[in-house]
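Number of protein chains: 4
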Amino acid sequence: MIDPQLQSKALRRLSIIKGQVNGLEKMIREQKYCVDVLTQISAIHEALRGVGREVVENHLRTCVTDGLRKGDAEKHYKELMDIVYRLSK
Amino acid sequence: MIDPQLQSKALRRLSIIKGQVNGLEKMIREQKYCVDVLTQISAIHEALRGVGREVVENHLRTCVTDGLRKGDAEKHYKELMDIVYRLSK
Amino acid sequence: MIDPQLQSKALRRLSIIKGQVNGLEKMIREQKYCVDVLTQISAIHEALRGVGREVVENHLRTCVTDGLRKGDAEKHYKELMDIVYRLSK
Amino acid sequence: MIDPQLQSKALRRLSIIKGQVNGLEKMIREQKYCVDVLTQISAIHEALRGVGREVVENHLRTCVTDGLRKGDAEKHYKELMDIVYRLSK
Chain A
833 MIDPQLQSKA LRRLSIIKGQ VNGLEKMIRE QKYCVDVLTQ ISAIHEALRG
883 VGREVVENHL RTCVTDGLRK GDAEKHYKEL MDIVYRLSK
Chain B
833 MIDPQLQSKA LRRLSIIKGQ VNGLEKMIRE QKYCVDVLTQ ISAIHEALRG
883 VGREVVENHL RTCVTDGLRK GDAEKHYKEL MDIVYRLSK
Chain C
833 MIDPQLQSKA LRRLSIIKGQ VNGLEKMIRE QKYCVDVLTQ ISAIHEALRG
883 VGREVVENHL RTCVTDGLRK GDAEKHYKEL MDIVYRLSK
Chain D
833 MIDPQLQSKA LRRLSIIKGQ VNGLEKMIRE QKYCVDVLTQ ISAIHEALRG
883 VGREVVENHL RTCVTDGLRK GDAEKHYKEL MDIVYRLSK
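Residue numbers (the working numbering), protein chains in the order written: chain A, 833 to 921; chain B, 833 to 921; chain C, 833 to 921; chain D, 833 to 921.
Isolated chain A, as found in the complex (with noise of 0.2 Å):
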């Protein structure tokens, strides 16, 4: 369950990215050099990350505490090799 708090932070980070990629949307049309549409993508990239990180992290703090001590583990377990491997590269 995403908290309140990350909600709005997340929100406001999605605010930028969407303004980042239409920013590479104009790189793009104008044809800008390569490597610098490339940076315009890392950027993109990192932001979504900080996105990610956050909710890794209130995921950890509420549904992963809650499974751990009462609920199925087995399910957690799963999810979070998932999370590891997977969702967070």
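None of these hints come from the bench; they were simulated from the model.
Be aware that one or more of the hints could be misleading.
Identical chains share a label here; the pair holds if one copy fits it or two copies do between them.
Straight-line alpha carbon distances no greater than 30 Å define the calculated DSBU-like cross-link-like pairs of lysine-lysine that follow [to be verified]: (1) 850 x 864; (2) 910 x 858; (3) 850 x 902; (4) 858 x 907; (5) 907 x 864; (6) 841 x 907; (7) 902 x 864; (8) 910 x 864; (9) 907 x 921; (10) 910 x 921.
Could you slot chains B, C and D onto chain A? The hints should help.
This is chains B, C and D only, laid out in the frame that chain A set:
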């Protein structure tokens, strides 16, 4: 220089990415399960990497080839190392 | 705490990795083609990740589960974020 | 072709890596704390990447440059994409 064919392909991908970012925003507003949100973020990363791959290949075939044949090789070695170890992550 | 079953599996993997590192050394001594050397390096990374994955899963099932149930949750949140975003790369 | 200077540097790094792998083996035998084991694995990955980086730069300056100037450019584009998106991970 981004050739026209790559340009239109990349712009189509970007419109899909914009839709995915809007979808992510909706999931966060609706406080969806964290792992589903992380899966959406991972899908956006993958779509962005698709754009990046095409820009990198275009760069190899145009700027790098011209640069190594008659231009400033040192500049291209440096940029290529940056692409391999930073911009393609 | 590394359970005995994981321990023997990890030690078997490590003896394979030692062989791969010796193989890499031989390729460099014999000045093999760079891309073949890089392929060998990539194989060693993959084998090492195999060991890492098992240690991470073992950690989740033992230390993290005990820690979140009755121990110092904050310490484990911090360590898990370090695993996700640094130690598993 | 791996030039002699890179060769000796890479071989020195490999002897350090062998020591690190032996250290990792010892930690697993002695059932050290999982996060410490993962930190050691991460250090070996970093040391391996150091070797990889030098081989990639050497490859750019020798094989790729010769290849794009007078050889089979298509083969090198394909290999470079493999380096960027697989072998450098």
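Of the numbered hints stated earlier in the document, which are not met by this structure? Number 3 only.
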